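Participant: As a plain string of letters, each chain reads:
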Amino acid sequence: MLAFILHYFGLSIAVFLSACGVGIGQGLIGSQTADSSTRQPMGGAQRFTAMIIGLAITETGGILGLVIASILLMGRVGQALSLGCGLAELGIGLVVGVCAAVVGIAAGYMVSAAIAAIGRQPLFGSKILTLMLIVLSFIEAPVIFSFIVALLVNLRNTASISVYSGFYLFGSCLVLALGCIGPIIGQSIFGHNAMRALGNNTHIYSRLFTYALICIAVIETPIIFSLLLAFLFLYGPQSAHATCSGVVVLLSAAIAMGVGALGAGVANGYVAARGCEQIAANESSYGAIFRTTMISVTIIESAAIYSFIIALFLFSKIF
Amino acid sequence: MNFDIFPTSTQILSHIGISHWALGLNLSTIFDTWVALAFLILVVWLVRRSQRRGMNPVSFAAEMYVEYFYDMCKEAFGYADYRHFSFITSLFTFTFLGNVVGIFPFVAETTKDLNTAIVIGLLSFIYVQREKIRVHGWGEFFHEYIKVFHFKPRIIAVILSVVVSILLVPFALLGEFAKVISLSFRLFGNILGGAVLFEVLLLFLRKWQIAFIMIILGSLCGAFILKYLCGATSGRPALNKFFLFLLGSAFAVTGIQAFFCIFEGLIQAYVVTTLTVTYLAVAVGKEEDHVPGVS
Chain A
1 MLAFILHYFG LSIAVFLSAC GVGIGQGLIG SQTADSSTRQ PMGGAQRFTA MIIGLAITET
61 GGILGLVIAS ILLMGRVGQA LSLGCGLAEL GIGLVVGVCA AVVGIAAGYM VSAAIAAIGR
121 QPLFGSKILT LMLIVLSFIE APVIFSFIVA LLVNLRNTAS ISVYSGFYLF GSCLVLALGC
181 IGPIIGQSIF GHNAMRALGN NTHIYSRLFT YALICIAVIE TPIIFSLLLA FLFLYGPQSA
241 HATCSGVVVL LSAAIAMGVG ALGAGVANGY VAARGCEQIA ANESSYGAIF RTTMISVTII
301 ESAAIYSFII ALFLFSKIF
Chain B
1 MNFDIFPTST QILSHIGISH WALGLNLSTI FDTWVALAFL ILVVWLVRRS QRRGMNPVSF
61 AAEMYVEYFY DMCKEAFGYA DYRHFSFITS LFTFTFLGNV VGIFPFVAET TKDLNTAIVI
121 GLLSFIYVQR EKIRVHGWGE FFHEYIKVFH FKPRIIAVIL SVVVSILLVP FALLGEFAKV
181 ISLSFRLFGN ILGGAVLFEV LLLFLRKWQI AFIMIILGSL CGAFILKYLC GATSGRPALN
241 KFFLFLLGSA FAVTGIQAFF CIFEGLIQAY VVTTLTVTYL AVAVGKEEDH VPGVS
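Residue numbers (this note's numbering), protein chains in the order written: chain A, 1 to 319; chain B, 1 to 295.
Everything labelled a hint here was simulated from the structure, so no lab data went into it. This one's a predicted model, so the numbers in the text were calculated from it and none came from an experiment. Think of the CB as a built atom: it goes at the ideal place given N, C-alpha and C, for glycine as much as any other residue.
Pair ranges (Cβ atoms, derived): (1) A:Arg207 <-> B:Trp34: 35 to 41 Å; (2) A:Val248 <-> B:Pro105: 41 to 47 Å; (3) B:Pro105 <-> A:Glu59: 36 to 42 Å; (4) A:Asn201 <-> B:Phe39: 39 to 45 Å; (5) A:Gly263 <-> B:Gly54: 52 to 58 Å.
Calculated pairs, SDA-like style, for lysine to any residue (alpha carbon to alpha carbon, straight line, at most 25 Å): (6) B:Lys132 <-> A:Thr292; (7) B:Lys74 <-> A:Asn282; (8) B:Lys179 <-> B:Phe96; (9) B:Lys207 <-> A:Thr158; (10) A:Lys127 <-> B:Leu266; (11) A:Lys317 <-> B:Ala178.
Starting from the given sequences, assemble the full structure and let the hints guide the process.
Facilitator: Shown next, in the form of structure tokens:
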């Protein structure tokens with residue numbers, strides 16, 4: 001009975017969380033487009049392109065949530081599910097739902113700033129569009145990661161796996177779902193402020209481009225760590241003979257990495273965003289701002305690296 | 001798929017009866033490093049050869065590469081310093097080659113091994129400390145760890161400050177080594193993550209449905225590239241389709257790998273280099289030359 005509750009609950013989580021996030025994000029984009037076009041009627045073509053691309057890429061999360069929900073729905077019709085199978089399906093729903101929800105809101109927030117910037121600088125629209133696409137592709141990456149992890153978990157999941165193996169699969173989904181939240185929020189704050197800075201001062205484009213690539217790659221590092229741990233839980237040395245104490249250690253490793261990535265991601269986003277504003281305000285001191293931002297961003301990020309090391313040690317404790 | 005984060009090491013002296021964990025060598029990583037260095041030597045040989053023939057694209061690209069780091073050092077240190085410039089260029093080149101050497105067949109990234117990553121972190125750390133001692137001298141170097149108090153009974157103040165600083169030495173050392181740990185684990189985690197992600201994609205490609213979709217997508221991309229490169233395809237449609245198929249499958253795999261390998265490798269090597277430059281600028285600079293906001 002509990003297995004069926006978990007099964008249907010995971011299925012609904014995958015759909016409703018992703019639909020919620022994508023809806024909010026697309027609402028932000030649409031409302032900002034209306035605002036921007038009443039404020040500055042010029043540059044309509046590029047604004048329209050930015051809106052269409054933003055809506056389409058934001059939609060990806062919703063579509064992947066739908067695909068995962070239908071895979072779960074069609075997959076094991078009429079089979080008696082074990083508790084482990086239900087847990088794994090809850091994990092699949094959680095990882096796709098959470099990632100799609102956060103990414104939807106984040107992408108909408110970032111694209112709305114880009115559309116406002118095009119309204120502010122209508123003759124500079126194509127470059128704003130280029131930077132928006134690059135930042136958007138980085139923001140969108142965790143959805144693809146979560147989809148890959150969900151598919152792999154679904155491949156290993158059978159109707160009659162034990163509770164402990166189910167907890168292993170659940171843990172590998174949990175670490176990615178928790179670890180994605182903070183860095184995506186940070187990336188969206190950074191992208192929002194980068195677009196606003198570019199709207200205020202278009203001369204910084206070439207410098208902001210390098211700055212944005214470096215900063216966004218550094219902000220994304222905790223997601224890569226979480227993904228690495230998720231694969232380690234899935235294909236690690238001893239997921240075959242799982243025990244109760246191993247499950248406790250594994251879940252604690254997952255929570256250590258996931259929650260440790262949260263604060264570091266958001267804080268990095270704030271620091272990098274302030275750096276963008278300062279570059280727009282005072283272009284000549286770009287070198288000093290860049291070095292200061294790099295130092296603070298990497299020192300903040302070492303918090304996530306410490307949680308990654310502790311999670312690795314915890315994982316090696318299992319066997 | 002099965003992967004180990006700590007790869008197995010080979011005991012080199014086991015045939016004469018000596019076996020110790022410190023003598024274990026990871027032979028595959030050493031081989032990969034040698035492949036990267038051989039590639040580097042080949043590139044250097046080509047560049048030297050092309051430089052003798054006057055100005056051409058190869059030597060121009062090499063000069064751009066060197067000049068970029070020269071400007072970076074000049075901006076960070078405020079004056080032309082060839083000493084730091086050579087170390088920083090070498091650090092970037094070695095890290096970048098280690099990150100991207102996985103694009104060669106049968107070779108893995110060297111920084112995927114934790115040992116290489118920690119060595120790169122230690123190299124940067126030791127160089128920064130050495131330069132600090134060279135510029136400021138041993139006295140100022142130790143003065144950072146031993147702060148002498150100033151109050152009237154002088155002897156008691158000195159004894160007290162020595163005791164307090166000995167108590168605080170572990171924390172100071174921890175703070176210094178945290179830099180090494182974060183530098184090396186960032187490199188290690190990012191490169192290993194990219195490599196594992198690529199292996200998972202290969203795992204998917206072995207499933208024929210997904211491989212089919214990828215090859216169709218790749219053939220479309222390949223067809224567009226071919227159209228732009230050659231204008232139009234000519235003659236023998238069957239042969240063309242076969243070539244498109246090959247090109248598409250190659251594009252599908254190498255496109256993903258190129259993104260995850262080269263782009264991520266470039267960014268991470270750049271991050272390592274920039275951090276080393278910044279630590280160096282803070283360590284070498286005088287009190288008033290500090291970067292604003294960084295003490």
